[in-house]
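J.: All chains, full assembly: derive it from the sequences and hints.
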Amino acid sequence: MKIVSQIVLMFLLIFVITACKSNDNNEGQPSHGQKDMILATTTSTQDSGLLDVLIPIFEEKYNINVKTIAVGTGQALAMGKQGEADALLTHAPTSEEELVETEEVINRKRVMYNDFIIIGPKADPARISGADINTALQRISENKATFVSRGDGSGTHKMELDLWEKARVDPSNESWYIETGQGMGSTLQLSAEREGYLLADRATYLAHANNFEHMSVLVEGTDELLNIYHVMQVNDKNHGLVNGEAGLLFVEFMVSNEAQEIIKDFGVEQYNQPLFFQYTE
Amino acid sequence: MNLFIEGILKAIEMILSGDREIFKITYTTLQVCLTAIFISTLIGIPFGVFLGLNSFPGKKIVLVFVNIGMGLPPVVAGLYITMLLWRSGPLGHLGLLYTTHAIVIAQVLVSLPIIIGLTSAAFQQMDSKMLMQIKALGATRFQKVGLLLRETKLAIMAAIMAGLGRVLAEVGAAMMVGGNIKGDTRILTTSMVMEVSQGNFDVAIALSFILMTLAFIITFILTSLQQRKQLV
Chain C
1 MKIVSQIVLM FLLIFVITAC KSNDNNEGQP SHGQKDMILA TTTSTQDSGL
51 LDVLIPIFEE KYNINVKTIA VGTGQALAMG KQGEADALLT HAPTSEEELV
101 ETEEVINRKR VMYNDFIIIG PKADPARISG ADINTALQRI SENKATFVSR
151 GDGSGTHKME LDLWEKARVD PSNESWYIET GQGMGSTLQL SAEREGYLLA
201 DRATYLAHAN NFEHMSVLVE GTDELLNIYH VMQVNDKNHG LVNGEAGLLF
251 VEFMVSNEAQ EIIKDFGVEQ YNQPLFFQYT E
Chain B
1001 MNLFIEGILK AIEMILSGDR EIFKITYTTL QVCLTAIFIS TLIGIPFGVF
1051 LGLNSFPGKK IVLVFVNIGM GLPPVVAGLY ITMLLWRSGP LGHLGLLYTT
1101 HAIVIAQVLV SLPIIIGLTS AAFQQMDSKM LMQIKALGAT RFQKVGLLLR
1151 ETKLAIMAAI MAGLGRVLAE VGAAMMVGGN IKGDTRILTT SMVMEVSQGN
1201 FDVAIALSFI LMTLAFIITF ILTSLQQRKQ LV
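For the protein sequence lines, the chains are C and B, in the order given.
So the first sequence is residues 1 to 281, counted in the numbering used here.
So the second sequence is residues 1001 to 1232, counted in the numbering used here.
Calculated from the structure, these hints are not laboratory results.
Small disclaimer: the values here were computed from a predicted structure and weren't measured.
Among these hints, one or two may not hold up.
To be verified - Not everything, but these chain B residues come out facing chain C in the computed CB check (under 8 Å):
{"hint": "1", "residue": "Y1098"}
{"hint": "2", "residue": "K1144"}
{"hint": "3", "residue": "G1179"}
{"hint": "4", "residue": "D1184"}
{"hint": "5", "residue": "G1199"}
To be verified - From chain B, some residues computed to sit far from chain C (all C-beta separations above 10 Å):
{"hint": "6", "residue": "T1026"}
{"hint": "7", "residue": "F1050"}
{"hint": "8", "residue": "S1055"}
{"hint": "9", "residue": "G1058"}
{"hint": "10", "residue": "R1087"}
{"hint": "11", "residue": "D1127"}
Just so you know, even glycine gets a beta-carbon here, dropped at the ideal spot from N, CA and C.
T.: Okay, structure coming up:
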């Protein structure tokens, strides 16, 4: 027993030492040829699996190592503003335009769209099925039906707040209005448990749909619910460490025919419908 | 309950099919956690011994900080390290954020106080008569520390295990400073959080089994080292 444990301990030590070494090798890489780039993006692009397809192609083509940080759009934009990222892929047009105006980001280009949907329990206690979005939100408010909000400053949350404003309802202090402060997936799960209504992006909903069969899409398909994604690079003039070259290459890659073809077909095989639609300028 | 069984089956399937991503994630987890605990042990034990055996002005304050550190929430550690390593932060030029190094730093920060605190507690508990006796027998400083380390082996191994438990369980800081980047800084705990948020509960459960197995094996080795009969 003693000898066994001593041998195991030796192995552990060797493992740790080699671990330190291999880390050093990794660190050495960026300076010799391969460059790092940080992409700050929304959770929906990662959770849907789209970036897992696109990023490796980009990495191989330009020999750039992309570090994808999937956070809410609010945080992604903040990272851009601070120069913590090199490129952004987000879906909150109004907030993005603010950064364009102050020249924090440049080369902002439209990439793709899908749509937001209102999901709720099949029983539909507030009878919103098929109604237009304003009426639906008003009915939810009148019936004091549970509504689950992201509440995390993400693109989806910003969209939801806009919609409430358009419907002239202020739900912020109501007891039926729950804010999770979490990502789309966790919020979907919570609303399914509580049988509440919520605004979700279609891609994330489809990925989760088989986990809760008692929920369904109740409002969809109006122009107000369009979910538009833009790609942009962080202005390298403001921050010394921003990799402007890689940021520009990424923007150009996302609007290239090659990437757009992949976006067009993504998800068709698994869900029988595309998750994103081409929408370049 | 079905989900639980599905999870076990998924775990077996993923391991048997040699899923490269799972191996990479498990390997990164081991690499990061063992490196972190190795560094913490290397710094923590001498520091703990020093704190336990010596008295000096301000010792109490140092101990208070060490004890607070034992309860340092990983998210707090993660936040501070993120701010330090940001490009706009003081250490930004090193480019360490979103690397495994950053996770190691965060894990050292949360495990080091545990090892220091528990080691120094063990040494403070030492019988003063024994210290006198060692002195009387004319032991050199190194011999003395060596003897005492052997004496406190149980407590020191417990300290290392407690530190390791912290490091293996840690998720908040690893998420923040590592960024959960696929094939790079994704470790078992952060990928579990991600899989749950994507609704892939079976994969998350499978990952949890892998993590628990790792924890079991490592703790088993350390426990058998700890319980080994004294050589003397």
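J.: Against this structure, judge whether each hint is valid.
T.: Here's how the hints hold up against the structure:
no.: 1; hint: Y1098; result: 5 Å, holds
no.: 2; hint: K1144; result: 25 Å, violated
no.: 3; hint: G1179; result: 5 Å, holds
no.: 4; hint: D1184; result: 7 Å, holds
no.: 5; hint: G1199; result: 4 Å, holds
no.: 6; hint: T1026; result: 13 Å, holds
no.: 7; hint: F1050; result: 24 Å, holds
no.: 8; hint: S1055; result: 34 Å, holds
no.: 9; hint: G1058; result: 34 Å, holds
no.: 10; hint: R1087; result: 4 Å, violated
no.: 11; hint: D1127; result: 27 Å, holds
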